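Participant: Here's the letter readout for the chains.
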Amino acid sequence: MIKRRIILLLMVFPAVVSLARPPVEPTVSTGFSAGYQFHRSFSQQKTELKILSGYPVIFGHMPSLAFTHNFYRKNSRHNLKLRVAKPFKLSADNGTGRNLLLSGEKSNYFRSTINYRISWPLFTRHWLEIRHGFTSGVLFESREIAFLSGSTERTSDINLFIGPALSANFPVNKSLSFFGIFDGHFYLPYFNYGKINTRNSNGQLLFESSYYGTYYQTIFRAGVNYRFFNQNDISVGFEKNDVVGFAASKPAFTTKGIVHHKLDRIMGIFVGITF
Amino acid sequence: MKIKQVTYIILLTLLFTGCTEFFAGPDLQDNWEITEHEKIVLHHRPEGFSGTESPTPEEAATIAANQYFYYQRIQDSIGKKFDDLVLIYLFNKDEAEEHIGTDGGGHSIPKFNAFYYTFLDYQNEFTDNYGIVNPDVGAHEMVHVITHRVLGYPATKLMSEGYANWLDGSYGRYYIEDIVKSYRDKSPEKLLTPDELLEAGDMADSVYYPNSGVFLKYLVSRFGIVKINSLFTVRKENFKKAFENTCNEKWEVMADEYEKYLDEL
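Sequence order for the protein chains is D and P.
Residues 7 to 281, numbered by our numbering, are exactly what the first sequence covers, in order.
Residues -10 to 254, numbered by our numbering, are exactly what the second sequence covers, in order.
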């Protein structure tokens, strides 16, 4: 049900990205980007602060696609971005490179985001432009992990987020520039919803619950942008995306009754073009 | 590009990437020896790894075999089948606090069929409820892994810790019944009622754990494991009602009976 709703949302919304543009640029641009990412879900090796993530790890190599739409109003820059990603398959690593957890063929993961970003100039020099603003959007994640015995755990969640946004642009010349983007996403348990169920190897339902997460996510992107034909951009870069938090069966900020956690890191490369 | 520009880029990169690192970060330990026994995969440090002892190959083999014994007996006790591998990560004492937050035990991550534990060189002689002499790693964390995977994620500390302490049968290498008897005779304020156990306020593990284990043992012996299993994931606010519906007895009546049980323990 959640998946259907999200797919509808994705169809309705347009989407995003590309920073690395001088501030007084025209108006509207649209673009696409493709990426290749390495997704890891860690085990919570140390539960007290500072939380440490360790083995075993669930991981997957996943391609991603994004559609972006940017527009400008005076000093404000607006970015909309729709992104989907799905790994070829999931596997696990016990710390020595062995998968002792998952049946990779039967395990699945899917994520999509709709991200809106608004920013204004904070600091501008001829060689540096820093912008600040806000970001908000929706993250949808769905994961089914099938253990070697055939038992499964399925989680699906839809999450609203809001947080600060910061970006920096370093023009080298009229065509070439470097850029860096930082987004922080706060996820509050009252604004997200998930479902978890576990089944044994015969498919019998063992456990089912809803959950409400408290997460914090930081996204860092950096790369180089090249402008051609005076208005089109091609950009290449890398991304680091960390999310940490827990989800309980009732909306709350306490760690009681935890049924799910996210301790994930996505690292990857991307190439994008805007028109 | 000017040096100043490069410096700015580096500084901003460090600032941006560092944010989640303030309270969470990777600690990917990959220097492990592996000892396997049936469904148990014991990861332990190689000999000479740190300033305190690592398990010898013989000790590692014994730990893995003992854990498999618990693995089977826990399933028998709760009447549920579990068939996945359990991954155990055994840290040396002088590194455990840094990596897992304690150097006196461990904790489990049932979602990943795993638990972390400290390899301890125990001094006092002890034979556990399963007849294992001087176990280096008890059954407690194994109970968490198996119960959470086959019964679901517990919504109360009472069920989570109660099962683990009942099925382990000991706390700090003393039998939980002996500890609770000692509380009854010498420190009655440490004897917890079912209401206090369900509420699970802020109290020491040394008080809560033995009490919860004895209480779960009592519940299972009176009402049977099937009924008590069905309460494993019930939330605290619904627990008394669910108990009464499932066990066909008023919570207050059970609490009175439990008090008598403790008197006769």
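These are computed hints drawn from the structure, not numbers from a lab.
Since the structure is predicted, the reported quantities are computational estimates derived from the model, not experimental observations.
Beta carbons are placed, not taken as given, at the ideal position from N, Cα and C, and that holds for glycine.
A hint or two may mislead.
What the hints assert, rightly or not - Far from chain D by the CB rule (all over 12 Å, computed), these chain P residues: (1) K28; (2) D73; (3) H137; (4) P143; (5) R173; (6) D174; (7) E178; (8) V209; (9) K225; (10) W240; (11) Y247.
To be verified - Facing chain D, according to a computed beta carbon distance under 10 Å, are these residues of chain P, among others: (12) C8; (13) F11; (14) T45; (15) K100; (16) T116; (17) G120; (18) L140; (19) Y142; (20) A244; (21) E246.
Participant: Hint numbers the structure violates, sorted upward?
Facilitator: 1, 2, 3, 4, 9, 14, 16, 17, 20, 21
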